[in-house]
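**Q** Chain residues, written in single-letter form:
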Amino acid sequence: MAFIKSEIRSGVYYDSVVLMKLQRSLSEQPGVLDAGVVMGTDANKDVLEQSNLLIDEVKGAGANDLIIVVKGENEASAQTAIAKVDELVAARKSGNVDQEYRSKSLESAANRLPASQWVLISVPGRYAADVTRQALGLNKHVFLYSDNVPLKDEIALKQEAARKGLLVMGPDCGTAIVNGIGLGFANKIRRGPIGLVAASGTGLQQVSVRIHQMGGGLTHAFGTGGRDLSEDVNASTARQALDLLSRDPDTKVIVLVSKPPSPKVADELIEAARLVGKPVVVNFIGYSTAMRKMDNVTFVTTFDETAELAVQLSKAVNHKDLMSDLNLERFSSGQRYLRGLFSGGTLAYEAQLILKDYLPAVYSNAPLKKELRLADSLVSKEHTLIDLGEDEFTVGRLHPMMDNDLRIRRLEKEAGDPRVAVILLDVVLGFGAHADPASELAPAIAKARKTAEDGGRYLEVVAVVSGTDEDPQEMTSQIQMLEDAGAIVETSNDVAARYVGRLLRSIGEKDLSATEHPMVSVNLSTFKQPLAAINVGLDSFTESLVAQGAEVIHVDWRPAAGGNEKLMAILERMKSK
Amino acid sequence: MDIEKANTEATQRMMEARPIATTLAKAIDVVPGIHENMLLHAGPPVTWERMSGPMKGAMMGALIFEGKAKNGEEAEKMLASGKIEFSPCHEHMCTGPMAGVISPSMLVYVVENQTHGIKCFSNPNEGRGKVLRMGAYSPEVIEKLRWMESTLGPTIKAALEAIGGIDVRAIISKALHMGDDGHNRLDAASVLWTAQLAPYIAKTAKDSATAFETIKFLGENALSILNPVMAGCKSMTFAGHNIEGSTIVTIMARNGTDFGIKVSGLGDQWFTAQSPIVKALYFPGFTEADACRDIGDSVITETAGIGGFAMATAPALVTFIGGVPKDAINTTLDMYEITYTEHKHFTIPFLDFRGTPTGIDIRKVVEKQITPRVNTGVAHKDPGVGQVGAGVVSAPMGVFEDALVAFADKYGF
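As they're listed, the protein sequences go chains A and B. Per the numbering used here, the very first residue in the first sequence carries number 270; after that it's consecutive. Per the numbering used here, the very first residue in the second sequence carries number 1315; after that it's consecutive.
Since the hints were made in silico from the structure, they are not lab data. Model, not experiment: these values are computed from the prediction. Heads up, a few of these hints could be off.
Stated by the list, open to error - One side of the interface only, derived from the structure: several residues of chain A facing chain B at Cβ under 8 Å:
| hint | residue |
| --- | --- |
| 1 | P299 |
| 2 | D303 |
| 3 | M308 |
| 4 | G309 |
| 5 | T310 |
| 6 | L317 |
| 7 | S320 |
| 8 | I324 |
| 9 | K328 |
| 10 | Q798 |
| 11 | M843 |
Unchecked claim - Chain A residues, not near chain B, derived (Cβ > 10 Å throughout):
| hint | residue |
| --- | --- |
| 12 | M289 |
| 13 | D416 |
| 14 | K682 |
| 15 | G724 |
Where a beta carbon is used, it is the ideal one built from N, C-alpha and C, also for glycine.
Please model the complete structure; the sequences and the hints are all you need to start from.
**A** Okay, structure coming up:
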């Protein structure tokens, strides 16, 4: 038989909804048929009466009294339930208060975390391109884990990213490390001076762990997705990543790793690598080359060798020749040519031989082959290297090793040519040579540089000083004078010529890229800030970012319009119009 | 056509609207299109046959109040006969809570959007308990309506006119900072409303007993400002209606049978679907089995950017859904996903005074499959019983999908 149990608590106040909640909890207790929890106002007592809960015990309660009435199947169940009131009120408060809000869209996540530079995408492949497009629209770099993204979408997305100076790593990119934070699958690698670009997920992981084990460390490791080095995609992401690492002052050594690439794309990428001004270690599986080393680029074949060489190079101190930043922006747009003014015939010849690797044609009065002979030795053409020791110049005057007059006049003339970017000259010391060549050449160099500067240009003057510290001219003071005049001084003809070659070739490439490839450089500063990301897809990516201390917002992603094709198509058309 | 431009215009107009409650008047004298044999009701159009219990009850009560019927039986016969025309409040610049029945001789608030010169109307609130809007029509209900007509209405009217009108938008703005959501929880707003009226009631009422009764009634009713707020919201969203190319929702309304919306760029077309059941906490003795499907025009508040959309300002409300305060924040954050902009005047302290999510965009609703969240009361499904609980409900997705398809048809997408 039903049994009603009641309790009155005076002087307590609960919001009415709290009481309703409590009442519901009481009703859900085993053996409870009905329950009422109300403040004892007349209106509320009427309500209890309607439910046959207004027993005599509670009729006297006033507006400031809390009435609790429980109707149970029997006395015990009513009693048990009413004894639980405090517990039920308390239970409310231990709810999951800290449950973080989960954004429902990329757009709102970006609003909540405006500092985010990255979007991680791991949604099903057929939706991935769309989400990537949204991310690029929000000016975020993309880590695209999803696979089964159509090739044409990959090409379009990477082109769009390149136009905006953004990276799309992937599709099918499993791993990357940005600023010490692993994205996707990544090992914990110490920070260090090596930068990695890989079109191979496990390749990236293997090389990075070996680097760590060998005591080295990484700035960044960029994945590109397995198809990046195919002819269709044309290494779009790899080029951007290479360029980025070349400009990153913390990256001293760059490593390129790829699954078997398209030979044509591999060649082009290596050409680009030769311009970065830093040592580059290349491990393209199945790519064969006759040379083991090409300027700053070294080829290796195993992951171990890759890591070992990278670590070794990163620890080497003297990379002066390779490390120096080319600072191409110093030159104005019309400047592109070399003028070499040599006194030593064989030095001039060797310089031409070396420059052949870098420049399409160097004209001379003493050329490597006859097509490159200057029509008039007094008039330079494009890249020109003059041997002023040739007979035509020494008729009636001293050899230029002893008499600087002719060279100085030619130097002045070349400095006035707005197309000239670099002057290369030799200074031969020793017995028999001019007693103090720098005393004449240094002021001339300073004057030439001033001439260019007055014309709004920058003139790089590179001098090869050939001598010893025991020569009568005092080599160190000679070098000092030339350097004070603003010249770059080298004591090796080879090093000087290679530097000049790289510099001029880069200037040419810069001109070319400005016209042919509308690629906007990725902004380096976003890679210096602590990584903040939005994760769309796999929960575990959010968890691992949180574990690494990165700021991250997870998006509870669902396909647009619940996957309804017709509605999706309408929404798409509305967006594109 | 530029959807973004159209939506910017629609939402700007909604936010710039400044509704002022100026007076009260008989519906027949001010409400456009109403006539002696017409009853207005909440939600989209509905026939007597399909009409929900509480709306039927309210219609019956209204006929008794109008003196057209002596009792429920007589009223029911008359309503079923076809002699009385039913029309949605929204088609007459009105809004009514719950059943939302407004009859020709009832007094209505006149709330004027002075920015755009738009007048909207709503009847005075009857308080809690057995009331017409919940479908109750017993003699005590009719008695209260008569008292409101003879005493309450004229007293408030005199006071409003003496004040020169009360700025409804300003009250909402303040109340959101005092724990209200502007729809289901209007405790603060009602106090502010009463506080502004009280001195003028004291001054203009015909005697102190009338002043006492009126102020007491207003002060005890935590929903006394609900109806002017609804008319105010209607005057805001209507300002954003009929903007060519806009995908912003300007009406949401339910009649206990259907849930309907209108979209700014789609003119007068209703898009309807079955009205949902409210997830609610029930009064003692009632359960979900007793509940009428979602009903009322009060969801105009969500349409204007408050109510469920401003849930983060009213964490106390989460207990309706058995939640924790964080849920209130999350509800508002969810609504940002489907709205076009953030309100200039309605802000949320907890979210660094971010504006409330404003201007429901059908594109976003469909794309993200998130429908507007509404805070609401629940009426008993049978006529004559009244309110049985309160809770939250989500609008049905179908109406937004249908509207999107219609939009694509109309504008050639």
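**Q** Compare the structure with each hint and give your call.
**A** A quick look at each hint next to the structure:
For A:P299, the suggested interface contact is broken, since its CB lies about 18 Å from the closest CB of chain B, more than 8 Å. For A:D303, the shortest C-beta to C-beta distance to chain B is roughly 7 Å, which falls under 8 Å, so the interface hint holds. Taken as an interface hint, A:M308 does not check out: its beta carbon lies about 12 Å from the nearest beta carbon of chain B, beyond 8 Å. Nearest Cβ of chain B to the Cβ of A:G309: about 13 Å, over the 8 Å cut. The hint is violated.
The restraint placing A:T310 at the interface with chain B is violated, with a minimum CB-CB distance near 11 Å, outside the 8 Å limit. Checking A:L317 against chain B: minimum C-beta separation of about 6 Å stays under 8 Å; hint holds. Interface restraint check: A:S320 against chain B, minimum CB-CB distance 3 Å, threshold 8 Å, status holds. With a cut of 8 Å, the hint placing A:I324 at the interface with chain B is violated, because the nearest CB-to-CB distance is about 13 Å.
Among the interface hints, the one on A:K328 is violated; its C-beta lies about 16 Å from the nearest C-beta in chain B, farther than the 8 Å criterion. Proximity of A:Q798 to chain B is violated relative to the hint, the smallest CB-CB distance being about 22 Å (cut-off 8 Å). For A:M843, the suggested interface contact is upheld, since its CB lies about 5 Å from the closest CB of chain B, less than 8 Å. Distance to chain B contradicts A:M289 as a non-interface residue, since its nearest Cβ pair spans about 4 Å, not more than 10 Å.
For A:D416, the requirement that its beta carbon stay farther than 10 Å from each beta carbon of chain B is met, with the minimum near 24 Å. Distance check for A:K682 against chain B: the nearest CB is about 61 Å away, which clears 10 Å, and the non-interface claim stands. With a least beta-carbon separation of about 49 Å from chain B, A:G724 lies farther than 10 Å from that chain, consistent with its non-interface assignment.
This entry does not satisfy hints 1, 3, 4, 5, 8, 9, 10, 12, going by the numbered hints stated previously.
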